[in-house]
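Model the full assembly from the supplied sequences, consistent with the hints where possible.
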Amino acid sequence: MGKCALFLFVFEPMRKQNIRHELPETTVERIRAICHQHQAELIDYTVRDTTGSIIIELFIDNRDGVTHDLCQAISTDIEPLLESDPALSAVVRLDVSSPGVDRPLIYPWQYIKHNGRLLRVTTLQNDTYSGYLRSVSDAAITLESTAGVVTLPFTDIKQAVVQLEW
1 MGKCALFLFV FEPMRKQNIR HELPETTVER IRAICHQHQA ELIDYTVRDT
51 TGSIIIELFI DNRDGVTHDL CQAISTDIEP LLESDPALSA VVRLDVSSPG
101 VDRPLIYPWQ YIKHNGRLLR VTTLQNDTYS GYLRSVSDAA ITLESTAGVV
151 TLPFTDIKQA VVQLEW
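Everything in the sequence shown is counted per the working numbering, starting at 1 for the first residue and increasing by one.
Hints may be right or wrong, so weigh each one.
[What the hints assert, rightly or not] Listed next, with one range per pair, are the computed distances between beta-carbon atoms:
no., residue 1, residue 2, range
1, H36, E57, 14 to 22 Å
2, S84, T51, 23 to 31 Å
3, D77, W109, 39 to 47 Å
4, T146, T50, 40 to 48 Å
5, G100, Q37, 19 to 27 Å
6, V149, L82, 43 to 51 Å
7, I106, G52, 28 to 36 Å
Because the hints were derived from the structure by calculation, they are not lab data.
Even for Gly, the Cβ is constructed at its ideal location relative to N, Cα and C.
So this is what it looks like as structure tokens:
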């Protein structure tokens with residue numbers, strides 16, 4: 001009696017990965033100008049291609065905090081760009097939101113909003129500090145931790161992120 005081998009091949013369709021795309025600088029400047037009309041800053045953005053559907057996520061912030069009404073107003077003002085700007089013509093969804101705590105702080109006024117919160121700061125020399133933000137000046141921040149107090153000039157900060165405490 002002969003032996004028979006049975007092979008089962010399972011083919012899984014290739015899934016498109018979420019690929020980050022960059023927008024042309026002129027498009028980013030147009031979006032930034034709309035944010036400025038609402039006293040907001042464009043902190044970051046992502047453009048993702050998920051199986052042929054282009055999704056743009058805009059992360060905005062301002063001194064007074066991001067509200068639903070602010071996000072809606074900026075989204076409404078950007079909608080005409082989706083039709084007129086060739087770089088945005090394939091967009092099927094536009095999301096406008098606050099940056100969330102996982103996004104790095106960029107502007108000095110963002111630090112002021114987080115006074116008293118726990119930060120993780122990496123310097124240009126790749127030194128890392130974790131501590132509670134105790135003060136913010138025009139030139140520096142001061143962190144306090146169990147290791148002591150440290151003042152870090154903005155010019156030395158590579159990245160600062162708010163840490164969640166559980």
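Now for the hints, and whether the structure bears them out:
1. A hinted range of 14 to 22 Å for the beta carbons of H36 and E57 is consistent with their spacing of about 19 Å.
2. Roughly 26 Å separates the CB atoms of S84 and T51, a value that falls within the hinted 23 to 31 Å.
3. Separation of D77 from W109 is about 22 Å and departs from the stated range, judged on CB atoms against 39 to 47 Å.
4. As the Cβ distance of T146 to T50 is approximately 44 Å, the hint placing it in 40 to 48 Å holds.
5. At about 23 Å, the beta-carbon gap between G100 and Q37 stays in the expected band of 19 to 27 Å.
6. Checked against the hint of 43 to 51 Å, the pair V149 and L82 passes, with Cβ atoms roughly 49 Å apart.
7. Take I106 and G52: their Cβ atoms lie about 32 Å apart, and the range 28 to 36 Å holds.
In this structure, the one hint that does not hold is number 3.
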